[in-house]
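Asker: The numbering of the sequence shown is our numbering, which starts it at 4 and goes up by one.
Please keep in mind that the hints were generated in silico from the structure rather than gathered at the bench.
Please note that a few of the clues may not be correct.
[Said to hold, decoys possible] Cβ pair distances, simulated, as ranges:
| id | residue 1 | residue 2 | range |
| --- | --- | --- | --- |
| 1 | Lys252 | Gly222 | 45 to 53 Å |
| 2 | Gly137 | Lys306 | 38 to 46 Å |
| 3 | Lys258 | Gly86 | 19 to 27 Å |
| 4 | Glu149 | Gly200 | 22 to 30 Å |
[Stated by the list, open to error] Lysine-lysine pairs mimicking PhoX-like chemistry, simulated, CA-CA at most 20 Å apart:
| id | residue 1 | residue 2 |
| --- | --- | --- |
| 5 | Lys69 | Lys88 |
| 6 | Lys179 | Lys226 |
| 7 | Lys23 | Lys69 |
| 8 | Lys20 | Lys276 |
| 9 | Lys41 | Lys51 |
| 10 | Lys69 | Lys103 |
| 11 | Lys306 | Lys23 |
| 12 | Lys23 | Lys218 |
| 13 | Lys244 | Lys198 |
| 14 | Lys198 | Lys179 |
| 15 | Lys88 | Lys41 |
| 16 | Lys84 | Lys41 |
| 17 | Lys276 | Lys252 |
| 18 | Lys23 | Lys51 |
| 19 | Lys276 | Lys258 |
| 20 | Lys91 | Lys103 |
| 21 | Lys220 | Lys306 |
| 22 | Lys306 | Lys218 |
| 23 | Lys220 | Lys179 |
| 24 | Lys104 | Lys88 |
| 25 | Lys88 | Lys103 |
| 26 | Lys91 | Lys41 |
Even for Gly, the Cβ is constructed at its ideal location relative to N, Cα and C.
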Amino acid sequence: MDNRYISISTEVQEALKSNKPIVALESTIISHGMPYPKNVETANNVEKIIRENGAVPATICILDGKIVVGTNHEQIDYLGKTGVKIPKASRRDLAVLLSKKSDGATTVATTMIGASLAGIKVFATGGIGGVHRGAEVTMDISADLEELADTEMIVVCAGAKSILDLGLTLEYLETKGVPVIGYQTEELPAFYTRKSGFKVDYNLDTPLEIAEAFKAKIGLGLKGGMLITNPIPEEFSMDAKVINDAIEKAVAEAKDIGVHGKETTPFLLAKIKEITGGDSLDSNIQLVYNNAKLAAQIACALK
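Using the sequences provided together with the hints, build the complete structure.
Answerer: Written out as structure tokens, the structure is:
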């Protein structure tokens with residue numbers, strides 16, 4: 004690892020040396036996922052939840068040409084205020100952003116890369132990217148899936164974002180050998196809702212069971228990650244028809260105006276928020292809190 008390109012906070016360094024549980028967090032959700040100041044408030048609350056559950060938070064971003072592992076409050080505020088002016092950074096963007104000493108908001112893929120470089124094994128996010136609807140024509144498949152196939156990490160999410168083709172996303176993960184595990188559920192959650200109609204590979208009921216399965220994976224020398232799908236709490240789950248109708252409208256509008264590539268997900272999430280009168284944003288925040296809590300418990304169980 005070339006230290007010119009990574010900066011690990013003192014707190015995270017000390018946690019690594021002391022073998023304390025650590026949970027990585029992404030920064031795209033701060034700069035591209037929510038409006039200011041709600042994004043900063045949410046990011047700070049997520050870190051607080053992780054601490055309350057016995058682990059050390061490590062928010063990851065790119066600042067001044069370095070992958071920052073353990074972003075402080077001032078940096079989080081900068082990410083939130085600057086918003087979408089900060090480039091959304093996936094694997095393909097890393098080399099150029101670092102060489103130009105630029106800033107970047109890390110996606111699931113680049114957060115996994117940064118966490119792996121630092122030696123962190125657990126990562127909490129909202130929902131992963133996946134195979135987009137119509138990918139049989141567009142070939143629009145998120146780099147998140149390739150990173151899950153290559154990087155040794157537990158990724159806790161509320162399923163793949165429901166704007167995606169969930170069936171094809173599961174098929175892709177199966178091909179890549181990534182186990183999809185439901186936490187206390189046999190059905191893949193669909194981000195805003197607890198059910199999707201698709202089954203997960205396995206159902207595990209405790210953080211310890213998840214930790215033991217991951218240890219077995221490492222012990223076998225199997226590369227790649229493990230996807231833990233954690234349903235949104237019942238009281239914050241949205242009505243399936245309401246959210247699916249909103250998604251259909253948003254997808255149709257994106258197609259009509261030619262939105263594609265890495266702009267697709269931010270556009271769709273913003274449009275769904277508009278259509279649902281903000282209800283989708285509230286659900287998004289609650290599922291992130293729920294994932295942070297579980298990720299911290301799994302990180303503790305790993306230790």
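Asker: Hint by hint, note whether the structure agrees.
Answerer: Comparing the hints with the structure gives:
no. : hint                        : in the structure
1   : Lys252 / Gly222: 45 to 53 Å : 47 Å, holds
2   : Gly137 / Lys306: 38 to 46 Å : 43 Å, holds
3   : Lys258 / Gly86: 19 to 27 Å  : 25 Å, holds
4   : Glu149 / Gly200: 22 to 30 Å : 25 Å, holds
5   : Lys69 / Lys88               : 18 Å, holds
6   : Lys179 / Lys226             : 10 Å, holds
7   : Lys23 / Lys69               : 24 Å, violated
8   : Lys20 / Lys276              : 42 Å, violated
9   : Lys41 / Lys51               : 15 Å, holds
10  : Lys69 / Lys103              : 10 Å, holds
11  : Lys306 / Lys23              : 7 Å, holds
12  : Lys23 / Lys218              : 17 Å, holds
13  : Lys244 / Lys198             : 12 Å, holds
14  : Lys198 / Lys179             : 23 Å, violated
15  : Lys88 / Lys41               : 17 Å, holds
16  : Lys84 / Lys41               : 10 Å, holds
17  : Lys276 / Lys252             : 12 Å, holds
18  : Lys23 / Lys51               : 16 Å, holds
19  : Lys276 / Lys258             : 18 Å, holds
20  : Lys91 / Lys103              : 15 Å, holds
21  : Lys220 / Lys306             : 16 Å, holds
22  : Lys306 / Lys218             : 11 Å, holds
23  : Lys220 / Lys179             : 14 Å, holds
24  : Lys104 / Lys88              : 15 Å, holds
25  : Lys88 / Lys103              : 16 Å, holds
26  : Lys91 / Lys41               : 19 Å, holds
In this structure, the earlier hints numbered 7, 8, 14 are contradicted, and the remaining ones agree with it.
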